[in-house]
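J.: The primary structure of each chain is shown beneath.
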Amino acid sequence: MKFAFMCRESRGGGRGKVAVVGGGPAGLAAAGYLVCYGYEVDVYEKLPYAGGLMTFAIPPYRIPRENIIEGVEDLEKNFSVKFNYRTKVFCGDKVRHDEGDEFVQNVLDLTKLVNEYDAVLITTGIWSSRKLGVPGEEAQGVLTALEYTYGWWIYDSGLSTHKPPVGKRVVVVGGGFSAVDAAEVSHMKGSKEVILAYRRTIKEAPAGEYEIRRLIAEGIKWMDLVQPTKIVVENGRVSGVEFVKMRLGAPDESGRPRPEPIPGSEFVLEADLVLVAAGEIPTPPLEGECGGIKVDRGRRVVVNSRMQTNVEKVFAAGDVVTGPSMVGKAIGSGLKAATNIDMYLRSKKLV
Amino acid sequence: MESISRMYGGMNRVINYEACIGCFTCEEVCKFLHNGEAYITLYEVGGGLNKPISCFHCAKAPCVTACPTGAMHRGSDGAVTVDISRCIGCGACVAACPFGIPTIVPPGYASKCDLCEPLRKEGLNPGCVAMCPTKAIVWGDYTTIAKELRVRALKKLIYTSAP
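As they're listed, the protein sequences go chains A and B.
Using the numbering used here, the first residue of the first sequence is number 1, and each one after it goes up by one.
Using the numbering used here, the first residue of the second sequence is number 1, and each one after it goes up by one.
One or more of the hints may lead you astray.
Claimed, not checked - Just so you have them, the derived chain A footprint on chain B, three or more residues with Cβ under 8 Å:
(1) 23-32
(2) 38-49
(3) 63-76
(4) 99-113
Stated by the list, open to error - Quick partial rundown of chain A residues pointing at chain B, CB under 8 Å, derived from the structure:
(5) Phe5
(6) Arg8
(7) Pro64
(8) Arg65
(9) Ile69
(10) Gly332
Claimed, not checked - Calculated Cβ distances over 10 Å to all of chain A for the following chain B residues:
(11) Cys87
(12) Val94
(13) Asn125
Hints listed in this document are in silico derivations from the structure and should not be mistaken for laboratory results.
Beta carbons: idealized from backbone N, C-alpha and C, even for Gly.
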């Protein structure tokens, strides 16, 4: 991936200094645009390498890691982008713990960056998994899909010595891409039996029927119209999942049929590993509000049509603005923010 | 070999659908580079599977043959592009293209991918090629493409047969 796809070489950093908080696809695409337009860019990244979910969660058989590394190295070597790894940026001193925070060595205050730079771009993504909200979820052997795929990648790449578990029977709860990836990784890593359990049917699954049929062909089991009601725990460890059977009702606000529990249809599925993929939520570098930068009820950073927050020199892009989306959409959003940062800094010079 | 390539136009783009993960990067980058209009677009082909399609810059391009005014032509650099000053918006290219690629846009001329001519003039790759996270989009003269695809196929054969 050549993030600086619009120019051959650096045009120097004389136009201004921009901080990019979060080095995922949105941040890297924005950095690539900004260096081509003559800005000096510093990236702040909590993990030990850039790429965000592309590098640390999406399985390498989907996106080969060397393609990302190539682009990051190009930014670093040919365009003097400074990558500050293991650095978490947050507003104030009550720093929220998110997933993927294990490598953090430095914490920087967001307000400090806002004061020091000509503009700041927030692209911190969605490093927090939604819980099921059922009893027993804190038991040993219950992990989020993100924790699991991330755990395998940092183990396989030698960044961590902690080996994630394989199971005799693994139950993956969810029907999106996180669920599909967690199920496939678990299967590839040697789990004996992997069951993908979803509350609607294959037709409504966000990952799509094709992807799920592909997993079924690989030997993963598919169970639809079931919703977990409780994690069965023995001596602090998971021993099973209690499900209730569902039926499809009238369409809900998303337009998909609403799954409704069938009373009395509860049953228990034995499992020694449960992977929860109930969606991810944005992890902005602030809680509630930070000097005018606001987040909405879904914790998404509030921006205007120019991707600008209430603080005029602070912009935001990618999943932290939209919620879970796709690599390309994050890249598009990052590019849009970068153009607007350029326009903002140019207009400021004219005044 | 090179002269034969040039005779037939010399440039081509292939999308490796097996490598493509349907992430929309090509479409988003293209849209960004062309003021909101994407010349490579993804469509759902069933089962929630999204894949991109765009101009192949065919060696014997039917759109070029069908164009009555010579607006649709092969540029000296090998890409099939539209000279909008000569285009009458008749839609002959739209009908001729087996992939449905050219479209007629207001105020009435054909519009399609030019393989990012401004970027290529600076020695850069087209946007979709440069940014694809899986390198599923391969571009170049026919010999380069053939070599690239063969090397990839070979790697797959070697790695998947390794013990």
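J.: It remains to establish, for every hint, whether it holds in the given structure.
T.: How the hints compare with the structure:
Only when three residues or more bring their CB closer than 8 Å to a CB of chain A does the claim for the region 23-32 of chain B stand; here the count is 9, and the claim holds. Using a Cβ-Cβ cut-off of 8 Å, 4 residues of the region 38-49 of chain B lie near chain A, which meets the minimum of three, so the contact claim holds. For the region 63-76 of chain B, the assignment as covered by chain A is violated, since 0 residues bring a beta-carbon within under 8 Å of that chain's beta-carbons and 3 are needed. Judged by the Cβ-Cβ criterion of 8 Å, the region 99-113 of chain B is not covered by chain A as claimed, because only 0 of its residues qualify and three are needed.
Annotation: Phe5 (chain A) was flagged as interfacial toward chain B, and the flag holds, the nearest CB pair being 4 Å apart, inside 8 Å. A distance limit of 8 Å between C-beta atoms decides the matter here; for Arg8 (chain A) the minimum to chain B is near 6 Å, and the interface restraint holds. For Pro64 (chain A), the suggested interface contact is upheld, since its CB lies about 7 Å from the closest CB of chain B, less than 8 Å. A least Cβ separation of about 10 Å between Arg65 (chain A) and chain B goes past the 8 Å threshold, and the interface hint is therefore violated.
A cut of 8 Å between beta carbons decides the hint on Ile69 (chain A): the least distance to chain B is about 12 Å, and the hint is violated. Because the smallest distance between the Cβ of Gly332 (chain A) and any Cβ of chain B comes to about 3 Å, under 8 Å, the interface hint for this residue holds. With a closest Cβ-Cβ approach of about 27 Å to chain A, Cys87 (chain B) is found to remain outside the 10 Å limit, as its non-interface label requires. Non-interface status of Val94 (chain B) relative to chain A is upheld: no Cβ of that chain comes within 10 Å, the nearest being about 27 Å off.
Distance check on Asn125 (chain B): its Cβ comes as close as 7 Å (rounded) to a Cβ of chain A, failing to clear the 10 Å threshold; non-interface status is violated.
Of the numbered hints listed earlier, those contradicted by the structure are 3, 4, 8, 9, 13.
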